[in-house]
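*Asks:* Residues per chain, in single letters:
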Amino acid sequence: MRRTPSTVKAVGCALAAFAGAFAPCHALAQEFRPTQPVQLVVHTGPGGGSDVLARALALMVERERLLPVRIQVLNKPGGAGAVAAAYLAEKKGDQHTLGLFTGVWLTTPLMSVEARITLRDLTPVARLVLEPALIAVRADSPYKSLAEFVAAARNNPGQLKQAGGSITSRDNVVRQQLQKNAEARWTFISFPGGGERIAALLGGHVQMMVIEPEEAGEHIRAGSMRVLAQVSETRLPRFPGVPTLKEAGFDVPVVPQVRGVVAPPEIPGPNVEYWESLFRRLTRTASWRKYVEDNQFQDGFQSAAEVARFYDELTDRMREILKDAGVNIVR
Amino acid sequence: MEVVSGLLSGFALALEPVNLLWCLVGVLLGTLVGILPGLGPPATIAMLLPLTFNMNPAGAIIMLAGIYYGAKYGGSTTSILLNVPGESASVVTCIDGHQLARKGRAGPALGIAAIASFIAGTVGVLGLMLVAPPLAKLALAFSSPEYFALMAFGLSMVVLLAGRSMLKALLAALLGLWIATMGTDLFSATSRFTFGQLELLSGIDFIVVAIGVFALGEVLANMEAREEAHALPVPKGVRKLLPSLQDLKDSRFAFVNGSVVGFFVGVLPGAGSTIASFLSYGLEKAVSRRREQFGSGVIEGVAAPEGANNSETGGALVPLLTLGIPGSATTAILLAALVLWGFKPGPLFIPEHPAMFWGLVASMYIGNVMLLALNLPLVPVFAQVLRLPVYVLYPVIFGVSMVGVYTVSGSMFDLTLLLVFGLLGYLMRKLDYPAAPLILGLVLGAGMERALRQSLMMSEGSLAILASRPISAVLLGFAIVILLVPLFSRINAWRLRALEPR
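Protein chains in written order, with our numbering: chain D, 1 to 331; chain U, 1001 to 1502.
If you are wondering where the hints come from, they were derived from the structure by calculation, not from laboratory data. There may be inaccurate statements among the hints.
Listed next, with one range per pair, are the computed distances between beta-carbon atoms [claimed, not checked]: (1) U:Pro1377 <-> D:Asn328: 56 to 62 Å; (2) U:Lys1137 <-> D:Ala305: 50 to 56 Å; (3) D:Ala147 <-> U:Leu1171: 50 to 56 Å; (4) D:Arg33 <-> U:Thr1190: 41 to 47 Å; (5) U:Ile1480 <-> D:Ala147: 46 to 52 Å; (6) D:Glu306 <-> U:Asn1056: 40 to 46 Å; (7) D:Lys144 <-> U:Leu1051: 43 to 49 Å; (8) D:Gln159 <-> U:Ala1012: 49 to 55 Å; (9) U:Leu1419 <-> D:Ala305: 43 to 49 Å.
Partner residues aside, some chain D positions facing chain U, computed with beta carbon under 8 Å [claimed, not checked]: (10) Ile189; (11) His219; (12) Ser224.
Note that CB positions come from ideal geometry on N, CA and C, so glycine has one too.
Here chain U stands alone, though its shape is the one from the complex:
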């Protein structure tokens, strides 16, 4: 009952014309920020923060949250069309999304991304509304050993991301793990693998690697192939530019998977949306009947990660609003915003400011509808980008990548790094090394090492802490199962061969 009356008062607030306007401004800005590689929600919100001083706090939080979840919608656009991840969370979308575009199915891929985002985004808000306080308590049970197990589970996905050669996938993942160790070590303040470079003291930003390896590597490899003037086929007619019924059917499980995985990972302050989308993609592949087609452009390979990174938003707001604990750069700056407006985010925030909470929740339902209405009609428009002849398209991708990286750090050094990783991506493609395991290793490496060292400090050096805590033991069990998947399928293949009549 409390939920119903809360929600009703929330809608009353969110539907006030001025708040509707702020919601629209937020989701529009968010979509734009998502589409532009590099510029992300934390930077945008930080820069808009001074403008919100004169706003009504309810309108302000509605707008800033709109930027946050709106960016998750926009992030898939350049991932699918150009293989340039628009946001760090959209890296996984590149894997199958861009392959779909190369097959002339950019429209359905963009469409399914919007639909999955809408479904999972809404489920995320539902979760935030219904189970926030108890779930926040559960999140506190998660500590370093559990994070290590979660990330080990994530890393075990590498066997699912492998192409033809398991060895090459593992080597790529190792390279990612190595890059993740660069920079100043948190525990000892020692510089590792900085090669005397000042800029490497803080490590390498993974978005630089992702854009280099995915986008530039792809462009370099394709340039060599001397394709015809029109790089990618774009079918005529709106119907072929939107997902078909079959696409929706294929993505059924992905919608659920993305919503649930994204939300739960989001609730954990130490994980994040990139991990959520990787886990969801891996899970989708693990249970799929057409596992071998993943990576060559399957629609559920877009739906799962795009769903996960959207429902992650709802999840990430749980510890922020119920405990005042931010789990990511974006939620940290939302926290700073609440403090600047005179609120005190913490365990008493929701009970003492129910109007703010319910207004925000209601605005997120509205915002997600706005985003769907905004993004679906844009799909046919965006898909036309691929009509550009390659001599225009490839320089555009180069330019977009460079500008994207430069807006993150404003550093020329990162641009050099981008080129280095572009070359690496090109070489990996030539030698048939898969790029996804490298990114996976890089995303998980730093957090995994940290969690392991923290766990060992907690247990004074005993590895038993990983197996003796129930959540971590279960997650490690999952990791082992995933590692065994290729073995099972090989055994299955032998069995089938043995069963064949003579």
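This is chain D alone, in the form it adopts within the complex:
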């Protein structure tokens, strides 16, 4: 609840930067250990997806005693991730600040001139989880398979509706890929909140949505929702009978929904290694595995070098998909 008074924080940061600038790098290689609480920056307000993950992560790191200091979550909401990215960029060289990135950190700079900081400008540390998704219809829907839905859309262009998030969300990316693959067309209606999307589907106002497994599970069990396919490379353990996109006959590359960790620019290599190894150890703990399983995420750990490569590939792919979706690409 309490933030460190900003002056104290500023002095602390200045000292840290000072120490960082003057300490010989080789000594740091063996000796870097955080000496003050680590700020973990998230781009949502309290309660958002990244915020909840960050707070759970901080708690697990503390419980497993992986870090000599505490992790504090710092909310920098605004600009669809751009404010948090800009904040990290300003913290150049700060050894006690990290950020939790998601896909919007990648897409926002592609389409907003104002958002000048890309993940490339920051220091990648690790990728943590992949979030698979399901394609769901209402239980009484006439479409028993994704192929049937797509065929119906092809026969009635624009008549069927899908509820989703913003135009740059994964929901729309999946739609764009399927439409291109099958030469069909249906309408995409944006709702800002996940709750509103589910309400629109259950109320019969739209015919289909892309939904997180955790959100869908209970509606399936209660018999109000049916799943047609899963947006994932492999079948999820809790949905063994549901085909992946590829198995359902749509050979489109799965664009993963990711969450991972970045550091500010100009962080020395040994520090990156320190953080990378911390998160590698975290993802091997039992409590992390349970968290990933409970939320039906997939373990998506990648090292710093892999994240950089992954980022470049994903950026190119997203640029193409968003261009197809009619989004004005500025970078």
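Since the structure of chain D is already known, use the hints to place chain U on it.
*Replies:* Using the frame of chain D, we list chain U on its own:
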């Protein structure tokens, strides 16, 4: 029968000493969070979430819910005393609440806020207990066209919020609607009116505008007036510090109105408590016999919105607990909390975990009693704040506003915005533009635009969808009636003048 046995087992759980303690902790924290402008229930609950991992889930949900509805009680305090909305839902309370305080009736205003909160809060829980499942189904019938109609109905209230000049009220509302369009457009991902500012990509938080226009604007205008050292009269004696029988009588309808409007709006996942309190205030004014006195400090102008935002809590828990659908930031984080504790909120939550549901319901009855017992005795204490000389009070309001805004976003940019809107509020006061329509336009603007565009996507561009769906047609009909109210009263005035003997 099921209800009775459920409730009994619920009370058995909620009355366990440890759960009573968590309930008390929750409502105390909630009241505090409500009083502090800026810091709201979603942020508080998110920050306390890690602490609940080691708690019994029943105790934890009882405490977190206590924060949620407790904050609605506390929110009115600074609205009435300082004209600084303590919570977004308490913006409407400023309109008449602070005017009452300026008349020396801060005590009765605070008292009626607590009483209305208690009545409506309890009615909200009753609704949650009795009609949750069928109502949740009804809520699903609401989609974009209905939301558009509901918000159009809300926006039509602008004619009721107008002061002397309808034109100025409409211009203020337009300004609010314009501010609401700022930021990244959801549908096209285009930036609108961001002036190249990174911070504006996500739009302007309405609480910044509300605090700036209401609180800072008021302080600036009053400073100019060079009032005497004691800004506001505070009568001596406890009796004058609590609502009189007449006040309660005047608020009779407001209690019912607030309870019912708040609950129904709460059930809809796409509306929210600020809209609930605006609608309830508008309705109260529309049917009032002393309509022209609204805005100058009438007691039912506090009772209606304060009631509405409290019974909204019970309503908002309906889709959360029966369908697992959160309709607001606070219910979204409660959902996250349930998942973290290992529950699966959804259609089967209540049947499979009846103890949790009934324990929560019972604790909310208890919590509301605790809040009334907590808040009423505090009224005379809080009212003393106004004894502060203006050279202390005004800097306090400035400080409280700045800190409040900073705790929401932690952004210096928002502080600059706050000052800009403070100046705007000052200018509007000088030029006699009413502030409430601006806030109304801002609150409704984004949702209304979104709902209209969603509706048109559903109907492939045909506006007929708004009139052909029954709920939306009825709501639009109400909106038209409200728009005609000023016309009726003018015709009535002509008629009376014509009837006057010579």
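*Asks:* Now look at each hint and say whether the structure bears it out.
*Replies:* Hints, one by one, checked against the model:
no. : hint                               : verdict
1   : U:Pro1377 <-> D:Asn328: 56 to 62 Å : holds (59 Å)
2   : U:Lys1137 <-> D:Ala305: 50 to 56 Å : holds (53 Å)
3   : D:Ala147 <-> U:Leu1171: 50 to 56 Å : holds (55 Å)
4   : D:Arg33 <-> U:Thr1190: 41 to 47 Å  : holds (46 Å)
5   : U:Ile1480 <-> D:Ala147: 46 to 52 Å : holds (47 Å)
6   : D:Glu306 <-> U:Asn1056: 40 to 46 Å : holds (42 Å)
7   : D:Lys144 <-> U:Leu1051: 43 to 49 Å : holds (46 Å)
8   : D:Gln159 <-> U:Ala1012: 49 to 55 Å : holds (54 Å)
9   : U:Leu1419 <-> D:Ala305: 43 to 49 Å : holds (46 Å)
10  : Ile189                             : holds (5 Å)
11  : His219                             : holds (6 Å)
12  : Ser224                             : holds (6 Å)
Hint check: no violations occur; every hint is consistent with the structure.
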